[in-house]
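Participant: The whole structure should be built from the sequences, with the hints applied where relevant.
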Amino acid sequence: MAPQACVDASDGIGIITSYATEVALPSTGTWKNPGAGCAWADIVLIAPEAGLPLLFMEADNCTEDASVIAAKFDKYMRHYRRKDKDTDGLDKPMWRTRWSAPDPRWGDASHPPVLLVVHKVGKRSALKQMERVAALTREHWQGRWAEGGFRIYEEKMPIVATTLELLREHGPAGPAFWRFGREDRHNLWDAMGNPHREAALARRAEGARRRQADSWNSRNRSVAASSLGAV
Numbered sequence: 079m080a081p082q083a084c085v086d087a088s089d090g091i092g093i094i095t096s097y098a099t100e101v102a103l104p105s106t107g108t109w110k111n112p113g114a115g116c117a118w119a120d121i122v123l124i125a126p127e128a129g130l131p132l133l134f135m136e137a138d139n140c141t142e143d144a145s146v147i148a149a150k151f152d153k154y155m156r157h158y159r160r161k162d163k164d165t166d167g168l169d170k171p172m173w174r175t176r177w178s179a180p181d182p183r184w185g186d187a188s189h190p191p192v193l194l195v196v197h198k199v200g201k202r203s204a205l206k207q208m209e210r211v212a213a214l215t216r217e218h219w220q221g222r223w224a225e226g227g228f229r230i231y232e233e234k235m236p237i238v239a240t241t242l243e244l245l246r247e248h249g250p251a252g253p254a255f256w257r258f259g260r261e262d263r264h265n266l267w268d269a270m271g272n273p274h275r276e277a278a279l280a281r282r283a284e285g286a287r288r289r290q291a292d293s294w295n296s297r298n299r300s301v302a303a304s305s306l307g308a309v
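With the numbering used here, the residue at position 105 of the sequence shown is 183, and numbering never jumps.
These are computed hints drawn from the structure, not numbers from a lab. Do not take every clue at face value.
Label pairs and their computed distance ranges (CB to CB) [claimed, not checked]:
| id | residue 1 | residue 2 | range |
| --- | --- | --- | --- |
| 1 | GLY115 | GLY200 | 22 to 32 Å |
| 2 | GLY115 | ARG174 | 19 to 29 Å |
| 3 | GLU217 | GLY107 | 17 to 27 Å |
| 4 | GLU261 | LYS110 | 37 to 47 Å |
| 5 | GLN220 | ASN265 | 20 to 30 Å |
| 6 | ALA251 | GLY167 | 36 to 46 Å |
| 7 | ASP143 | ASP166 | 41 to 51 Å |
| 8 | GLN220 | TRP294 | 34 to 44 Å |
| 9 | ARG246 | LEU168 | 19 to 29 Å |
| 10 | VAL199 | ALA98 | 21 to 31 Å |
| 11 | THR108 | ASP143 | 24 to 34 Å |
| 12 | GLY107 | ARG287 | 50 to 60 Å |
| 13 | ALA149 | TRP177 | 15 to 25 Å |
Ideal Cβ positions, reconstructed from N, Cα and C, are used throughout, including at glycine.
Facilitator: Below, the structure written as structure tokens:
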């Protein structure tokens, strides 16, 4: 299976117990008895020690039409939007009643990321397959522009894609991953995150720090000048 490369790659993520396969993500029914038509994640990775508290993975061998893959992401979104009561009696996203994950930091996205690993076994081009899936799932991952030149992904699902060949060549820490909606490839963490937002916020914080320092220095100069005048 293509996502197995995440386990086997050099400098890989987690240990064998970090991974679970064929996990139901019900939009109806229960965890034990999911309703018909629910999503089944090929692999679920839980590796908080590696900065990946929860990552779903899907494999595609280019034997199915992109619309079939896209339909599975529709099922993911239906599950993500489903609410259920947790042990504390409060309604929460259903996935949070099973997995203990911190508040999302996937580039401001509200839903856990999904990694699509494509391996060309069938006749379809891996690149064209990824591009087609991206076009068909745009409503689920496309953010909105915010002041500062970055996107906000509230209520969206980060979808990241790679090929088996790129994953074997670079591993998770290399430039093997394409976040739908972006042009360049990144490592897995940057692809799931929002580096443009982080850079913009860092610039704002630095600007505020400089303005505060300038104001402080200006006040000090005024006080010093007043003191000299009094003398």
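Participant: If a hint holds in the structure, say so; if it does not, say that too.
Facilitator: Going down the list of hints, with the structure as the test:
1. GLY115 x GLY200: 22 to 32 Å: About 24 Å separates the Cβ atoms of GLY115 and GLY200, which means 22 to 32 Å holds.
2. GLY115 x ARG174: 19 to 29 Å: Holds - the Cβ-Cβ distance for GLY115 and ARG174, about 22 Å, lies within 19 to 29 Å.
3. GLU217 x GLY107: 17 to 27 Å: holds, 25 Å
4. GLU261 x LYS110: 37 to 47 Å: holds, 43 Å
5. GLN220 x ASN265: 20 to 30 Å: Hint holds: Cβ distance 22 Å, inside 20 to 30 Å.
6. ALA251 x GLY167: 36 to 46 Å: Holds, at about 41 Å.
7. ASP143 x ASP166: 41 to 51 Å: Cβ of ASP143 to Cβ of ASP166: about 43 Å, so the range 41 to 51 Å holds.
8. GLN220 x TRP294: 34 to 44 Å: holds, 43 Å
9. ARG246 x LEU168: 19 to 29 Å: Given a distance of about 43 Å, which is not inside 19 to 29 Å, the answer is violated.
10. VAL199 x ALA98: 21 to 31 Å: holds, 24 Å
11. THR108 x ASP143: 24 to 34 Å: At roughly 31 Å between Cβ atoms, ASP143 and THR108 fall inside 24 to 34 Å, so the hint holds.
12. GLY107 x ARG287: 50 to 60 Å: holds, 52 Å
13. ALA149 x TRP177: 15 to 25 Å: About 24 Å separates the Cβ atoms of ALA149 and TRP177, which means 15 to 25 Å holds.
This entry does not satisfy hint 9, going by the numbered hints stated previously; all others are met.
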